[in-house]
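Generate the whole structure from the sequences, applying the supplied hints.
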Amino acid sequence: MAVTLPQLLSASLLLRICLVLYGEVHDQHSLLKYTDVDYKVFSDAARHVRAGGSPYQRLTYRYTPLLALLLQPNSLLPCFGKLLFSAADLCIGYLLYKILSSSGNSHRTALTGAALWLLNPFSAGVSTRGNAESLLGCVVLCALYAVKQNRPVAAGVALSLAAHLKIYPIIYSLPLYLYIAYCSPGHHSFFNSRTVQFVISFLAVQALLLSVFYYIYGYDFVFETYLYHIVRTDTRHNFSPYFYLLYLTKYAPTASLTALLRYICFLPQALLSLLFSVKFYASPELCLTLQTVTFVMFNKVSTSQYFLWYFWLLPLLYPRLKISLVRAASLLGLWFAGQGLWLWTGYLVEFECKNCFLVMHCAGLFFLLSQCYIVCCLVVSSRTQSSQKTE
Amino acid sequence: MLQHTLLSLVLLLQCQSRDRWTTQLSQHICRSKDQVISATRTLANSGFHKDLTTNLELEEIPRAFFLENTTSHFYMDIDQIKEGLFLGYPPVFPDDPIDVEQPADSSPAHIVGVLCETHHVTLPVHHRYQPAGSQPYSTVCIPFPRVFIPVVTPEDHPDLDKGMEQVEKDRGCKLLHAPCGVTALPECGWEEVTVVGVEDVCSAVPVGMSQHLPIVEITAVAAVFVGFSAIVYVMFCRKEKSKAT
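Chains as they are written, first to last, in the numbering used here: chain A, 1 to 391; chain B, 1 to 245.
There may be inaccurate statements among the hints.
To be verified - Okay, derived cross-link-like pairs now, PhoX-like style, lysine-lysine, Cα gap no bigger than 20 Å in a straight line:
#, chain 1, residue 1, chain 2, residue 2
1, B, Lys162, B, Lys174
2, A, Lys98, A, Lys40
3, A, Lys33, B, Lys162
4, A, Lys300, A, Lys166
5, A, Lys148, A, Lys279
6, B, Lys82, A, Lys40
It should be emphasised that the hints constitute simulated quantities derived from the structure, not laboratory data.
None of the values given here were measured: they were computed from a predicted structure.
The structure is reproduced here in structure tokens:
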């Protein structure tokens, strides 16, 4: 018997409700909490807003006030936010199905793509622990779906909302713009009415959100939501290839080359993002995935949470990837091995008090190079498929 | 009217929490003349996350109040401690909100009030990142806290404010106004007690070594360059090469 989309969504919903309930019980009996530490931050920020204050009264709340507003019902139902993020998870699954279906894939293929997200214990765990990233995934996929449906205003609104929730989706604006400009039916010029609609709707939503929240919360909003993430230099250990370099140079900013490196390390990610946009805009699923993967791996700060940013895009590549199961498993194994090696060194430093910073740095570089190799394989594989299609 | 009163109360509580301990400690605090207690202290676990255990020899005294100076090298995660109340962590009252992300060189020291209702109390403390240096480890210490015992409590004085005022007037010094229980209010009056047999507890924390900078610079730049070039090559050049072949 063939599985239908409602059946898949129901099973996913049930899985998430069980996990939310489990989390509530677990947290009452264990010091090691199931609930994400950030969920407490969101809930506290929502409490400040309810009391007539600012969400930024909560230390380390560095998100849009929208999130604190959305979580107002947390006072009545503390797990409301987790249910909301789980609902966003289901929306991601639904959008994955719609995008895959609209790209000419069979029902079975589209359903498999959606199931890769919906039944993935990792994604289910993240949302039910109270991580809000699924809201971002939902609006990013909305933007992508709207572009593919030739609806530039909806795409502009969704992308603007995404860039409001987190800054990084701004990198999607160029490929989506180019897709609207050159791949929309009947429009094949850099400036046309559709691109104007896309840009205006994007700017209008940005202006609206910025002005309203600036009016209410002032400079705190601008700094915590935007500027902090731009100027942030986290010297604590993380997956970034620059982590140890930035840690050491913070306390030895003498050499000019060193000082220069601190400021130009954003260049590789910026250049790659530009090149992917120009090269792959006609295939926005692939382009957005490659942009996100490279953005995360070349970023100045990179934590496990950032990997989620491409996890909701990866199922869209599933039908395109013409590689054997063994090769796919070995690439996945390489990704896990690179990460595992780094985590091992991180454990030695953080919990065993071993000075392994240099080894950790090398593990971080190995992880970077393994990810670069995986990106190369994705590019080659997608090109092989394009050539097959052309033939 | 009610709104106005609530707002005043909120403002009052906020003012109380900000620097509540340092302001009080700047005054002449009453000290117990006859009470001397002994104590031991340990810092367990290796790495950045420690358990700070204090054992007090308190006879006939039901509870004590500590003022812990975490220094800028350590921090207490107040949320973590509050969530562990049911596992035996004591109630804690920080002077200001504690930023758990800052490294040692950009964090202020914090004073955290700890209500100790048993003779044995364990608190989780965490190392902050230390500045890079020429040695692989840096040794950092937590000083022993100032310890207070109750003088004015709800059991002896139904009107706490009057009771504290009276004691302060009689003795010519200030009592520490600190919580009597898990909640911030009501506040009891506490006097400082001399503690013997205590030393600062210290531990080593790994730090980045400045000698690594040249090799880190070279390898980081090389890895980023190789990774970046490989992706660009695969994107643009490899196709042309295969076409030519």
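Broken hints, by number: 2 and 3
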